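Engineer: If you want the building blocks of each chain, they are given just below.
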Amino acid sequence: GAVVSQHPSWVICKSGTSVKIECRSLDFQATTMFWYRQFPKQSLMLMATSNEGSKATYEQGVEKDKFLINHASLTLSTLTVTSAHPEDSSFYICSAVTGSSQPQHFGDGTRLSIL
Amino acid sequence: DAKTTQPTSMDCAEGRAANLPCNHSTISGNEYVYWYRQIHSQGPQYIIHGLKNNETNEMASLIITEDRKSSTLILPHATLRDTAVYYCIVRVADSNYQLIWGAGTKLIIKP
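Protein chains in written order, with our numbering: chain Z, 5 to 119; chain H, 73 to 183.
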């Protein structure tokens with residue numbers, strides 16, 4: 005149980021395009037979903053916390069207009085990287101949780117490469 | 073949330089038990105200890121968590137000292153597929169679910 009699916013697994017696109025990443029909880033309803041970014045040989049860095057039906061809470065230094073998060077249902081959250089540039093190239097990972105004290109369950113990540 | 077300290081890297085022979093230590097000397101009474109691992113180029117995988125008592129599941133055992141200032145994750149029979157970075161995280165189980173990720177321990181299982 006507690007499976008989180010993330011799509012796509014990897015994407016390569018030209019600078020200036022927008023990229024949407026989906027995160028789905030397959031067998032449970034997630035009260036909260038998280039979006040992380042991980043650069044090579046570094047730990048995960050939280051970008052934003054998303055609750056179903058409300059606006060996401062962004063971490064300091066993360067541009068909310070660049071990284072659009074939509075959490076329309078208890079099983080789906082999307083991250084859209086708008087007008088992506090090479091410096092946005094990274095490994096993006098989502099996670100989902102059902103309630104307090106419960107562990108976060110993670111997707112397999114999306115490797116984004118901007119040319 | 074309390075800070076954790078883990079060794080940078082460890083080696084373990086395949087088939088032996090891997091014991092990964094974690095120090096969390098400033099842990100509060102309502103903070104849980106969580107363990108995750110991340111295999112190269114994959115998302116983190118939840119392993120186990122606990123508050124006071126030792127815990128065991130199909131993946132591992134978690135031993136928490138009586139004063140709760142340290143813990144040990146035990147993989148009873150390590151395999152090559154257990155090679156990963158292991159993260160020990162402490163956090164309060166409330167509405168703020170954030171996990172603060174340190175550098176973790178790079179565990180290498182050797183044949």
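Treat the hints with caution; some may be incorrect.
[Claimed, not checked] Quick look at which bits of chain Z chain H covers, simulated, 3 or more residues with Cβ under 8 Å:
1. 78 to 91
2. 107 to 117
[As the list claims (entries may be wrong)] FRET-style restraints, in silico, Cβ to Cβ:
3. H:151 to Z:7: 16 to 24 Å
4. Z:30 to H:75: 41 to 49 Å
5. H:129 to Z:86: 24 to 32 Å
6. H:83 to Z:9: 31 to 39 Å
7. Z:70 to H:97: 35 to 43 Å
[Stated by the list, open to error] Facing chain Z, a subset of chain H residues (Cβ under 10 Å, in silico):
8. 82
9. 106
10. 108
11. 173
Everything labelled a hint here was simulated from the structure, so no lab data went into it. Only a predicted model underlies this, so the values are computations on that prediction, with no experimental measurement involved. Virtual Cβ for every residue (Gly too), placed ideally from N, Cα, C.
Engineer: Next step is simple, just say for each hint if it's right about the structure.
Structural biologist: Hint check:
1. 78 to 91: violated (count 0)
2. 107 to 117: holds (count 8)
3. H:151 to Z:7: 16 to 24 Å: holds, 22 Å
4. Z:30 to H:75: 41 to 49 Å: violated, 34 Å
5. H:129 to Z:86: 24 to 32 Å: Check failed, 41 Å falls outside 24 to 32 Å.
6. H:83 to Z:9: 31 to 39 Å: Because 34 Å falls inside the window, the suggested range holds.
7. Z:70 to H:97: 35 to 43 Å: holds, 39 Å
8. 82: violated, 17 Å
9. 106: holds, 6 Å
10. 108: Holds. Min distance 8 Å.
11. 173: For residue 173 (chain H), the interface hint holds, since the closest Cβ of chain Z sits about 4 Å away, which is under 10 Å.
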